[in-house]
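With the sequences and hints as input, model every part of the structure.
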Amino acid sequence: MTAVWRPVAGTYHGAVRARDLGITIGLLQPGPLNAITDVPGVRVGHTTLIEGDGPLVVGKGPVRTGVTVILPHDGDPHREAVFAGTHQLNGNGEFTGWQWIRESGMLTTPIAITNTSSVGTVRDAIISFEARAMVPGGLYWALPVVGETWDGHLNDTEGQHVRPEHVDAALESAASGPVAEGNVGGGTGMICHEFKGGIGTASRVLDAAGGGFTVGALVQANHGRRERLAIDGVPVGREIGFDEVRSAWDEAPASAGSGSIIVVLATDAPLLPHQCTRLAQRAGLGVTRVGGAGENSSGDLFLAFATGNRGLRTLDSETDPFTHDLRMLTDGWISDLFWAAIEATEEAIVNALVAAETMTGRDGHIAPAIPRERLREVMARYRPRPST
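In this note's numbering, the protein residues as written are 1275 to 1662.
By construction, these hints were calculated from the structure, which means they are not laboratory data.
Being a predicted model, the structure only gives us computed values, none of them experimental.
Any given hint might turn out to be false.
[Claimed, not checked] For each label pair, taking beta carbons as the anchor points, the in silico distance ranges come out as:
id, residue 1, residue 2, range
1, Pro1306, Gly1606, 22 to 32 Å
2, Ala1654, Phe1516, 19 to 29 Å
3, Thr1604, Val1331, 56 to 66 Å
4, Ala1483, Glu1525, 45 to 55 Å
5, Arg1512, Ile1640, 13 to 23 Å
6, Ala1654, Ser1609, 25 to 35 Å
7, Gly1451, Asp1517, 38 to 48 Å
Cβ atoms here follow ideal geometry from the backbone N, Cα and C, with glycine treated the same way.
Here it is as structure tokens:
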């Protein structure tokens, strides 16, 4: 196979999404892009690494991996923080920088998602990328936020093929607009509910009565058992069984259902840190609606940030203001935001499944795509459209 190294910005490469199949999830309306980038200022970039075929040779491949980055606004997060919170459904995973978010309530770096063995490389690359933009001789520190899921069934994970230049490319290409999904970026080698998984995104916009705020979700979906897969309440995993489509884990059946999911939520609502934490918790309900269970071997880690209070200084200096004037969403209105996070997370996972293409990885392991026409037929049988 010809080597592929491509930075992918917000460019939408024509991948199929749930709504292209007539699958409408939930009650709320999506934003114009139905993506995390519907939250103004949020940017996404990917670098995708695909190279080689055949038996695994650690350090040489085959390679099926990458990195995805999310920039929380159109400025420099190191100079201008946003409020943020985190939630852990099950902790068999890594998300660097969490302790400072929990301590300060602030997100001060880009967010990156990659494979398990490349977390350190990606973290260090973000430090170097940001340091190059600092004033020479100035004081600088960073605690980059980097999450991971394990792609070793398809990828030479221990080979650590994600390098600093790949992180730089993702950061430099990050853009607003439609977001590439499926076998891209950090999601390149991921498996979801025993089909091919990967990156997915979705959004929800509250009406004027709910403040008109937007909630966007981006997931790296690498979790779940087939028989538990449900889409909008339809038992898709039981309908499309192993007699019809093989499991991605046929070569390692004991590992079926293991894996992890990272969920990043963004909103333009004026949330304080404790409210961001509450929002992050609701991602778990979206994961569960699709059939995720937070298994013992799963790293189900969620982060939510809010851009509704801009101008928060992060550099400790004599020029920093003594106080910031803040806005806060009244808690009596936050339940609508919770539901938006649940629906956006659910649809983002489904979009990851629908957009992904069948992939053959190391040692000939095959992760089959969910069959789209069959999925359309199953959904239509359970959710027939009203006659006109």
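Hint-by-hint comparison with the structure:
1. Pro1306 / Gly1606: 22 to 32 Å: holds (28 Å)
2. Ala1654 / Phe1516: 19 to 29 Å: holds (23 Å)
3. Thr1604 / Val1331: 56 to 66 Å: Holds: the Cβ-Cβ distance is about 58 Å, inside 56 to 66 Å.
4. Ala1483 / Glu1525: 45 to 55 Å: holds (52 Å)
5. Arg1512 / Ile1640: 13 to 23 Å: holds (22 Å)
6. Ala1654 / Ser1609: 25 to 35 Å: For Ala1654 and Ser1609 the Cβ distance comes to about 32 Å; the hint holds.
7. Gly1451 / Asp1517: 38 to 48 Å: At 41 Å between Cβs, range holds.
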